[in-house]
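Student: Listed below are the residues making up each chain.
There are 4 protein chains.
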Amino acid sequence: MKKIAVGILGATGVVGQDYLQLLSDHPWFTVTFLAASDASSGKSLREATLNRWNQSEKTLQQFAEMPISQLDAIESAKRACSFVFSALSSEAAQLYEESYAAAGLPVISNASYHRMAKDVPLLIAEVNPEQTAIIPVQQKNRNWTRGFIVAKPNCSLQSYMIPLFPLHAHFTLKHLIVTTMQALSGAGYPGLSSLDILDNVIPYIPQEEEKSEVEPLKIFGTIEGHEISLANGITISAHCNRVPVRDGHLACVSASFEKKPTREEAIDLIRRFRGVPQQLNLPSAPKIPIVYQEENNRPQPRLDRNRGGGMAVTMGRLRPCPVLDLRFVALSHNTLRGAAGGGILNAELLLRQGYLEES
Amino acid sequence: MKKIAVGILGATGVVGQDYLQLLSDHPWFTVTFLAASDASSGKSLREATLNRWNQSEKTLQQFAEMPISQLDAIESAKRACSFVFSALSSEAAQLYEESYAAAGLPVISNASYHRMAKDVPLLIAEVNPEQTAIIPVQQKNRNWTRGFIVAKPNCSLQSYMIPLFPLHAHFTLKHLIVTTMQALSGAGYPGLSSLDILDNVIPYIPQEEEKSEVEPLKIFGTIEGHEISLANGITISAHCNRVPVRDGHLACVSASFEKKPTREEAIDLIRRFRGVPQQLNLPSAPKIPIVYQEENNRPQPRLDRNRGGGMAVTMGRLRPCPVLDLRFVALSHNTLRGAAGGGILNAELLLRQGYLEES
Amino acid sequence: MKKIAVGILGATGVVGQDYLQLLSDHPWFTVTFLAASDASSGKSLREATLNRWNQSEKTLQQFAEMPISQLDAIESAKRACSFVFSALSSEAAQLYEESYAAAGLPVISNASYHRMAKDVPLLIAEVNPEQTAIIPVQQKNRNWTRGFIVAKPNCSLQSYMIPLFPLHAHFTLKHLIVTTMQALSGAGYPGLSSLDILDNVIPYIPQEEEKSEVEPLKIFGTIEGHEISLANGITISAHCNRVPVRDGHLACVSASFEKKPTREEAIDLIRRFRGVPQQLNLPSAPKIPIVYQEENNRPQPRLDRNRGGGMAVTMGRLRPCPVLDLRFVALSHNTLRGAAGGGILNAELLLRQGYLEES
Amino acid sequence: MKKIAVGILGATGVVGQDYLQLLSDHPWFTVTFLAASDASSGKSLREATLNRWNQSEKTLQQFAEMPISQLDAIESAKRACSFVFSALSSEAAQLYEESYAAAGLPVISNASYHRMAKDVPLLIAEVNPEQTAIIPVQQKNRNWTRGFIVAKPNCSLQSYMIPLFPLHAHFTLKHLIVTTMQALSGAGYPGLSSLDILDNVIPYIPQEEEKSEVEPLKIFGTIEGHEISLANGITISAHCNRVPVRDGHLACVSASFEKKPTREEAIDLIRRFRGVPQQLNLPSAPKIPIVYQEENNRPQPRLDRNRGGGMAVTMGRLRPCPVLDLRFVALSHNTLRGAAGGGILNAELLLRQGYLEES
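Protein chains in written order, with our numbering: chain A, 1 to 359; chain B, 1 to 359; chain C, 1 to 359; chain D, 1 to 359.
The set of hints was computed from the structure by calculation and includes no laboratory data.
Each pair may be met inside one copy or between any two copies, as identical chains are not told apart.
List time: in silico EDC-like cross-link candidates among lysine to aspartate or glutamate, alpha-carbon distance up to 20 Å: (1) Lys174 - Glu213; (2) Lys3 - Asp25; (3) Lys118 - Glu224; (4) Lys287 - Glu57; (5) Lys58 - Glu294; (6) Lys58 - Glu295; (7) Lys211 - Asp119; (8) Lys2 - Glu358; (9) Lys118 - Glu227.
The following block holds chain A by itself, in its conformation from the complex (with noise of 0.2 Å):
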C-alpha cells in the first residue's frame, strides 16, 4: 500500500511535535506538509522548533530540513499532502480550518473552536464512529466536496468518557460528578510556571469545566435529521485540578445510571469492551483500550500512563459510591490518547470508513 500524504497545521508546538514523534513510522500516513505560525514560517522545522524539540533525535533528524510553510499556505498544502492534522489553538483553528476543508483537505482537528458545532462530528474513535455519518450534511451545509472537519475532544475527557462508555451503553447514564487532577503538558509550552506548581495544586483550570460538561452530552449524543443532538438526561459537574505531574490526566468519577449497575456487571463490561477501532486492528487503536486494574492504588501517572503506547485507559477501584452508583478511577496519557494519538486514530477510523482517500 501506498502511504498517504499528510500535513500538520501547527507543526511546531507541543502537540504538532507529538504528530511528527508518532507519524515518523506510520505504516500508513507519511508527513509531507507543515505549517505553523509566522514565528515559525520560512524556516526549517530544525531552526522552528531550536531548544524547544521535546521528541526524539532520531524524529527530528528524519524531518529537521521540512520547510515550515505559512498557515494561508493552503495551495502548496493541497500540493502536497491529502489531508491536514490540526494541532492549531482554538483562534487559528477559527481563521484556517474551515478554509483548508473549503479548499478539499480535510482537517483532523484537536482544536476547541469546532467541536460543538453542529455538523462536525466530535470524535472517540471507540465511543461514537458512527458519528462520522454527518459529514456529508457537513459538507453539503458548507458547500464542500471533499474536504470536512472532525474534532476531537477536550484531552481530559478521554479519560472517563471511554470507560463510562460501556457503562452508558448498557445503563444509560443520568449524573456524573468528576474530579480531575491534569498534569503539566496539557497546559502546552511553557505552560505553568515551575514557581506556580513546585509542591502545589491549582485547583483551576481556565474553560476546561465548561467543557468538560458539555462535550460528553454532543459524544453521546445521536444524529438526528441533519445534526448531531446532545444527549438528553444527562447532568454533568467537573471539578478541574492541575497538579504537579509531567504527563497522564487521572480523574476521580462518581456516576448514576438509570439501571444501575452491579460493580461485577460493570467491571465485566469494561473489561470485555473492545470497541471498533479494535475490531478494524487500527495501526493506533491498543488492542485493549480499557485497562482495569485491580491493586488499590491503581491507576498512577507514572506508573500507567504509557500503557498501550499511551492510548489505552486505564482503570481501577471501580466500587459503588455512597451518593451516586459506582465511582472509580481512570487515566489517560493527555498528550497521546489525549491529543496527537487521538487524532491520528480518528484519521485511521476516517479512512477504513471511506471518508479519506486512499492513495
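Given chain A, put chains B, C and D in place with the hints provided.
Tutor: Okay, now just chains B, C and D, sitting in the frame of chain A:
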C-alpha cells in the same frame, strides 16, 4: 495566670514535634512531660529526634534535654502534668490512652482509635463544642473520676467540615461527594518514598475514605441520652488522593441540602461564620475561621495553607453544582489545624468549658 | 527618628515585590514612590500585580492603591523620596539608573549593568563596606552632586563570598572552584517552565558563570587612586546549575589559599566572624552572619534558607580538599540576602556611613 | 547459539528487578535462578515483589512464577545456572559472594564489598577490559577453580570516568574535582522520604565521596605482578549531592592533566572514542559510548538519561577551566549503565574474553 503543665504522648514523631513547636510559647500551657515508644524512651529529646527534628532550632534547644519517658510511666505523668496530648498511633492509643484517663489524666487525642466510641466527643472546636457534654457520661460509664478522652477527627476532614458546618446548620446537608488531594506530611515520616510520588499522584490512602465517610456523621451528630448519635440522612462519598505537595489538604466538594441555598446565601453565611473559639477568643483560634477567596484559582496549598497561623480554612470557587446543589474548593493545613493545632484548640476550649483544671 | 522616604524602580516584579514586603515595616525607611515599565505604569500596585502578587496579603493591602509611575518620572521621584532601590533588568538599568543618580537620587541597585564599572562599589555589607569610599570619585567623574550608584553582586555569589571573606582576609584566596545548585526563583517570574525542570537539572544558566568568575575579584578588590582595582592572583571556575528548588542557592566549594588553613582554624574564623553590619547593629543584619552547622548533611535549601530572616549564610561540611586546600558547602537565600534584603542592608550601611541623608 | 543460564542474587530489589528487565529478552543469557534474602525466599517473584514491582508487566509475567531461593542455596544455583549476577547489599555480598565463587560459579557483582580487593577487577568494560587478566591470580590466591568475582564501580562514577578515560590515555590525569547531582533511585527503594527531598537538595550521601575518590584510582590502575596497583599521581575531590530527580547522575567536572589538551583535541578524542565493547559489538554496548552534545544546556537528566538504551554517557559543555585545565558536564543513567546494565555488559565482555563458559 500560672501556666498549666501538660504532657505529650508520642512526643518524638511528626505530630509530637508539632505539639512541641506550637506549645513552645503557649500562653496557657507549659510542657513538662514527654513519653514515646521504646525506641525513644530513656533518651533526651535531642537524642531521640537526631536527624529527624523538623521544627525550629529554638524549639529544639528549649526542650533538648527533656527526658523521654516510657508510655507506661503514668505515675510520673501524674506527678508532672495536669493532662496529656496524645500523638500516638492508633495501636498505641488502644494500649495507653485509657490507662492515662483512668489514672485521672484527661487525654486530648489525635489518634483514630477512640473516635467512633459513643461516649467520646469527636471534636472540632468551631463545629461541635457542645459535644463535650458527653464527658460526664463517659466518666460514669468507665468509672473514671478526673480523666477522660476527647478525640479529634481525621486530618483531611477539617478542610471541608468547617465550611459545611454553617451551611448544614441552615440548610441541612444530605449528600456529599468529596475528592481530596492530600499532602505528603499526612502520611507521617518517612511516609511516602520519593520514588513513588515524584511526577505522580496515588489515588488511594489506606482507611482514609472509610474514616471520611463516617466521622462527619458523628461530628454533625447529637447527644441523645447516654451517647452521641450519628446524624441521620447524610450520605458521603470520599475519593482520597495523595499528591506531591508538602503540607495542606485540598478538597473538591459537591453537596446537596434539604433546602437548597443560593450561592450568595452560602458565601454570606461562610463569611459571617464565627464559632465558639472565636467568641471565646481562644489563643489558637484564627480570627476568621473560614477565609473565603474570590479569585478563581484559589485556594492553593502553597499559598494558603498557613493562613491564620495554619489554623484557618481557606475556601473558594463556591458555585452551583449541576448534579448536587453547590460545589466549592477548600483547604486546611493538615499538620496544624488538622493535627497538633486542632488538638491544642480543643484543649483550650475544654479549659474554658471547665473540663480541665486551671492549675 | 523620622523615616526616610524611598522609591522602588521595577516595583511590580519578583524582586520589587520582595522590596515591598521587606520595607512594609522597616524601622528606618518608608516607601513613597513606585515605578515600573510601561506594562505596569499608570495602574495601582494591586492592578499591576493581579494574579502575580507573591507576598503577603497584608503587604498588598498596605500598598494596594499606590500608583505606579513611569520609569522616566524622575521629577516625581525627586519630590517623593530621598533615594531609590533599583530592581530593574540590566537593560532598564542601563536606560534609567544614571538619570536618577544625575538628578540627585542615590540608586541602590540590584541590576548587573553597573556592577563592573570602576567607580561603582560592588557591595556586600559584611565583606567590603570600605568600598563605598569610591562614591565621591564616582560623583566627581560623572558631575553628580547628591546622587550615586551602588551595585550589589549576582545573587548566587553571596552564599560563598561571605564565608570566603574571613578566610581570604587571613590566608589569601588563590584558587576557587564552585559548583552551584540554584533555585527557580533566581530566574524571576515566570522563569522556568515546569515542563523543563520537573524531574530534571539544567546544567547551564546564561551569563551566570561569567559573572561568578569576575565579580568576586572586584568584591575582594581595593580602591587604588580613582578606581576599584580587581584583586590579583585569584582564579575562579564556576559551574552553575538550575535545580527544582523554590528558593536558596547552594554551592559546593573547593578553594586554595596562599597560606593553607587547617579545618579548625577555618571553622573558628567563620564562627567568630562579625562584619560591620553586625557591629553597627543594622536592622537587616543577621546577628550571626555565617551559621556553621556540624551535621554532615547540611545546609539544605528547604531547612536552612530562612535562617536570620533569610539574611544569614548557612555553611557546613568544611573539610580538607584533596586537590585544593579546603572544601565546604554554603547556602544563601537568593531573593532575600541575594537580592532585596541585600539591597536594603546596603542602604542601611550607606545611611550609617553618611552617604544617604537622614531625612 | 544456545543461551547461557544465569542467576540473580538479590533478585527482588530495585537493581535485581532491573536485571530481570534487561535480561528478559537478552540474546545470550537466560535467567534460570533467583535468590534473595529471607523476606523474599520461598515466595514466587510475583509474591515477593507485590506492590514494589517497578518494571514492565510483560517482564513480571515472564518471571512471575519463578521461585525465589535462599541466598545460601548454592547447590541449587550450581544445578540451575552457569554464573550469577549479584545485586546484593554490601553486607550480603560479604556473606555470600565468595561462597558462590568457591562453589565454581562466577559472580558478576554490583556490590561494593570486593571492589578494592587487589585481585578483583573493578571493571568498566570500555575503560579497563584488560583488568580481567587478574582473574587467574584471584583464582589461585583463593583456591577457586571455575569461580571468580568481578566487581563494577559505584554508580555515580560512570558518568565521568568514561569521558575521562580517552583524555587520561592521551594526556594523563592529575587532578579531578567533581560535583555530582545524583538521582533518587541511586538510594534504592524506599530510599529518600519524599518529605526530605521535595523542594530541596541534600549535600551529602553517606560513603559516596570516599568511594568516588578511591575507586577511580583502581579503575585507572594497572596489573603489576599479582595485584592491581592504584594509579599514581592522581588526586580527586568529590562533592556528592542528592537532587529531586528520578534517574540519571549528573556530574560537573574540572580536571588537569600532565599534558594540557586543547578543547578541540579533547572533544575530538571523546567523539572518536570506541572501546572494546564497541569493537566486539557486545549486545548491551551502546554504539556511541559517549554522546557529545553541542548545546549549552545539556546534558540534562530527563532528556538524556536514556541515550543508547541507558548505556551511553552524555557529555557537554567541555571548555577550559580557569583553575584546572578543562571542565565539562557528564551524565549517565545510574540504574542502567551505573548498575544492572553495566553488570550485564561486564558479563558479555567476560564471555567474549573466555572467562565464562559458553554453554
